[in-house]
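*Asks:* Those sequence lines, one after another, are chains A and B.
Residue 932 in the numbering used here sits at position 123 of the first sequence, with consecutive numbering throughout.
Residue 142 in the numbering used here sits at position 93 of the second sequence, with consecutive numbering throughout.
Hints listed in this document are in silico derivations from the structure and should not be mistaken for laboratory results.
All figures in this text were calculated on a predicted structure; none of them were measured in a lab.
Built from N, CA and C at the ideal position, the CB exists for glycine as well.
Each hint should be verified, as a subset may be incorrect.
[To be verified] Estimated spans, in silico, between C-beta atoms of each pair:
no., chain 1, residue 1, chain 2, residue 2, range
1, A, LEU862, B, ALA80, 22 to 32 angstroms
2, A, GLY855, B, GLY162, 23 to 33 angstroms
3, B, GLY162, A, ARG925, 21 to 31 angstroms
4, A, PRO880, B, LEU177, 30 to 40 angstroms
5, A, GLY855, B, ALA151, 33 to 43 angstroms
6, A, ARG925, B, SER65, 21 to 31 angstroms
7, A, GLY855, B, VAL109, 25 to 35 angstroms
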Amino acid sequence: MTDSPRQEWLFLCRRPPYGGSYPKAALDLLLTAAAFDQAVILAFAGDGVYQLLAGQDGGGIGLKDLSRTWPALELYEVREVVVEAQALRDRNLGEGDLVISARPVENEALRELQARARQVFVF
Amino acid sequence: MAMKFSLVIYGAPYSSESASTALNVARAVLAGGHEIYRLFFYQDGVHNATSLAVPPQDEVNIPRAWQELVQAHGIDAVVCVASALSRGILDQGEAERYERPAANLLEGFSIGGLGQLVDAALNSDRLLSFAP
Numbered sequence: 810m811t812d813s814p815r816q817e818w819l820f821l822c823r824r825p826p827y828g829g830s831y832p833k834a835a836l837d838l839l840l841t842a843a844a845f846d847q848a849v850i851l852a853f854a855g856d857g858v859y860q861l862l863a864g865q866d867g868g869g870i871g872l873k874d875l876s877r878t879w880p881a882l883e884l885y886e887v888r889e890v891v892v893e894a895q896a897l898r899d900r901n902l903g904e905g906d907l908v909i910s911a912r913p914v915e916n917e918a919l920r921e922l923q924a925r926a927r928q929v930f931v932f
Numbered sequence: 050m051a052m053k054f055s056l057v058i059y060g061a062p063y064s065s066e067s068a069s070t071a072l073n074v075a076r077a078v079l080a081g082g083h084e085i086y087r088l089f090f091y092q093d094g095v096h097n098a099t100s101l102a103v104p105p106q107d108e109v110n111i112p113r114a115w116q117e118l119v120q121a122h123g124i125d126a127v128v129c130v131a132s133a134l135s136r137g138i139l140d141q142g143e144a145e146r147y148e149r150p151a152a153n154l155l156e157g158f159s160i161g162g163l164g165q166l167v168d169a170a171l172n173s174d175r176l177l178s179f180a181p
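Can you build the whole structure from these sequences, using the hints too?
*Replies:* Structure representation (structure tokens):
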């Protein structure tokens with residue numbers, strides 16, 4: 810019962826940057842999935858939206874700024890980047906605060922993405 | 050109809066219920082007549098593969114329980130190399146390569162990469178995730 814080659818895989822990132830290893834883990838796995846030719850959709854929700862903030866600098870605490878890698882996603886054919894609209898509103902953030910363009914989605918659309926994806930990885 | 054399951058475990062043993070839940074689900078999958086295609090230990094989950102754990106005698110020895118399951122059923126139990134290295138779970142080859150004083154990868158487990166997790170997702174009917 811192996812599925813057809815190209816599947817939609819959703820990576821749902823909910824944690825903020827600089828707090829642990831999950832953001833990098835998500836990036837490593839989604840790049841591997843893209844290399845295996847899966848249709849990767851990257852979503853940021855909750856505190857995960859902070860990963861997209863422009864102007865980050867982890868130098869003061871000796872941590873890498875992962876947001877520099879987001880602009881390179883296009884090269885890896887990541888199908889789409891979406892961001893939870895409510896999470897942005899709750900945090901007083903707008904699309905202009907983000908380091909890449911991400912499509913804001915309301916919660917219902919986010920739920921649909923989760924339902925539609927063949928695999929969902931939550932980080 | 051028998052299904053193929055893979056499990057990805059993100060949690061360390063004892064730190065949260067995720068590892069022992071995964072173990073119990075793995076047993077239930079097999080008892081239900083299904084197949085486990087692969088177990089993949091990622092992030093803190095690599096701690097399930099240590100040979101050095103000494104849990105209290107009156108508690109389940111989670112690493113050993115995984116080992117028994119894996120060896121009894123010939124299951125492919127893969128530990129993610131990047132997660133393992135940074136957390137100090139090393140096989141003999143890595144211990145030598147990085148000049149560390151010991152190797153501690155529990156027998157029955159092998160070091161592998163994320164490609165094997167992706168492969169497991171592609172070739173299993175269900176991929177079950179267990180995270181803290």
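*Asks:* Give a verdict on every hint.
*Replies:* Hints, one by one, checked against the model:
LEU862 of chain A and ALA80 of chain B have their C-beta atoms about 47 angstroms apart, which leaves the hinted 22 to 32 angstroms range violated. Between GLY855 of chain A and GLY162 of chain B the beta carbon distance is about 29 angstroms. The supplied range of 23 to 33 angstroms therefore holds. About 28 angstroms separates the C-beta atoms of GLY162 of chain B and ARG925 of chain A, a value consistent with the hinted range of 21 to 31 angstroms. Restraint check, PRO880 of chain A to LEU177 of chain B: a C-beta distance of roughly 34 angstroms satisfies the suggested window 30 to 40 angstroms.
Checking the proposed 33 to 43 angstroms range against GLY855 of chain A and ALA151 of chain B shows it holds: the Cβ atoms sit about 40 angstroms from each other. Distance hint for ARG925 of chain A and SER65 of chain B: a CB-CB separation of about 29 angstroms, consistent with the stated range 21 to 31 angstroms. In this structure, GLY855 of chain A and VAL109 of chain B meet the distance hint of 25 to 35 angstroms, their C-beta atoms being roughly 33 angstroms apart.
Checked against the numbered hints given earlier, this structure breaks only hint 1.
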